[in-house]
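Please put together the full structure from these sequences, using the hints given.
Going down the list, the sequences are from chains A and B. Start counting the first sequence at 1; every next residue gets the next number (our numbering). Start counting the second sequence at 1; every next residue gets the next number (our numbering).
Note that these hints are calculated values from the structure, not bench results. Take these hints with a grain of salt, some might be off.
[As the list claims (entries may be wrong)] The following label-pair restraints were derived from C-beta to C-beta distances:
| no. | chain 1 | residue 1 | chain 2 | residue 2 | range |
| --- | --- | --- | --- | --- | --- |
| 1 | B | Gln58 | A | Leu141 | 18 to 28 Å |
| 2 | B | Phe61 | A | Leu83 | 41 to 51 Å |
| 3 | A | His139 | B | Gln63 | 32 to 42 Å |
| 4 | B | Thr4 | A | Ala68 | 42 to 52 Å |
| 5 | B | His74 | A | Leu42 | 11 to 21 Å |
Just so it is clear, CB atoms sit at the ideal spot from N, CA and C, and this is done for glycine as well.
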Amino acid sequence: MPTEFTPLASLIGGGMIGLSATLLMLTIGRTAGATGILSGVLFPASRGEGAWRLAMILGMIAAGPILAFMFGVRPNVVPAIGLPQVVLGGFIVGIGVSMSSGCTSGHGICGLARFSLRSLVAVVTFMGAGFATVLFIRHVLGA
Amino acid sequence: MKLTVVALIGLLFGAGILISGMADPNKVMNFFDILGTWDPSLAFVMGGALVVNLIGYQVMFRQRSKPLIAETFHKTAPTIIDVNLVGGAMLFGIGWGIAGFCPGAAIPTLGSGEIAPLIFVTALGLGMVAFRLIRPALPSQPPVA
Numbered sequence: 001m002p003t004e005f006t007p008l009a010s011l012i013g014g015g016m017i018g019l020s021a022t023l024l025m026l027t028i029g030r031t032a033g034a035t036g037i038l039s040g041v042l043f044p045a046s047r048g049e050g051a052w053r054l055a056m057i058l059g060m061i062a063a064g065p066i067l068a069f070m071f072g073v074r075p076n077v078v079p080a081i082g083l084p085q086v087v088l089g090g091f092i093v094g095i096g097v098s099m100s101s102g103c104t105s106g107h108g109i110c111g112l113a114r115f116s117l118r119s120l121v122a123v124v125t126f127m128g129a130g131f132a133t134v135l136f137i138r139h140v141l142g143a
Numbered sequence: 001m002k003l004t005v006v007a008l009i010g011l012l013f014g015a016g017i018l019i020s021g022m023a024d025p026n027k028v029m030n031f032f033d034i035l036g037t038w039d040p041s042l043a044f045v046m047g048g049a050l051v052v053n054l055i056g057y058q059v060m061f062r063q064r065s066k067p068l069i070a071e072t073f074h075k076t077a078p079t080i081i082d083v084n085l086v087g088g089a090m091l092f093g094i095g096w097g098i099a100g101f102c103p104g105a106a107i108p109t110l111g112s113g114e115i116a117p118l119i120f121v122t123a124l125g126l127g128m129v130a131f132r133l134i135r136p137a138l139p140s141q142p143p144v145a
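So this is what it looks like as structure tokens:
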């Protein structure tokens, strides 16, 4: 299913993501990595460690209703694939990001901005695996 | 005060995800599908986010020794490049290609009221739990993110 190429909206939205990562470090000195934030809420080391992460997640979730009801912005968030595929992908992502201690936000946006070689290796690997997986599913399996 | 500030930063992050198109799993999968219905939008999301944060981080770390409302910058990522990092990133990329969501893009989609994001984040959480169960059996233990 084709999707519309949206360079301007993507650049603006991307800039907002980058700005929030800078602001999180500037205010409370923390990395805006979704993996660390989510796992810190699921398995909090202490109450203080869980609290800011939960606040961040609640803010992220609130963005949807606020954009929808105040600005009428409702982007599609539903994949054109079956739910079993969503479950399988989600489970594999959960194992992978825990094992590599980070994902697109932590390694990609925060790690690379600190010139972390470790994050560069992670980003090249997961991007490469993403391309390979979709190309395999769509052009080899033909799904 | 601190938690309110963080929630507002989360709001900015979530709005950025939704506006950028990163929250749309079909756009993500099309970004990876360079031989088919290719949609290069996500390069602009990641490029925009990285450029802004790179400038932000580099200026901030040169000018400040501590954050505004905390004692230290937490930059404790270990520098090791091992099988956990590469293997984990590979698994992440595979799962990302299968489902079209990554963790940071999926969380803001929870506010949409749709069922697929909820199912993805639940499976993601179960994967994180599963990893903690298999973690002791790994050859070297990665740090908890």
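Status of the hints after comparison with the structure:
no., hint, verdict
1, Gln58(B) to Leu141(A): 18 to 28 Å, "violated, 43 Å"
2, Phe61(B) to Leu83(A): 41 to 51 Å, "holds, 43 Å"
3, His139(A) to Gln63(B): 32 to 42 Å, "violated, 49 Å"
4, Thr4(B) to Ala68(A): 42 to 52 Å, "violated, 22 Å"
5, His74(B) to Leu42(A): 11 to 21 Å, "holds, 19 Å"
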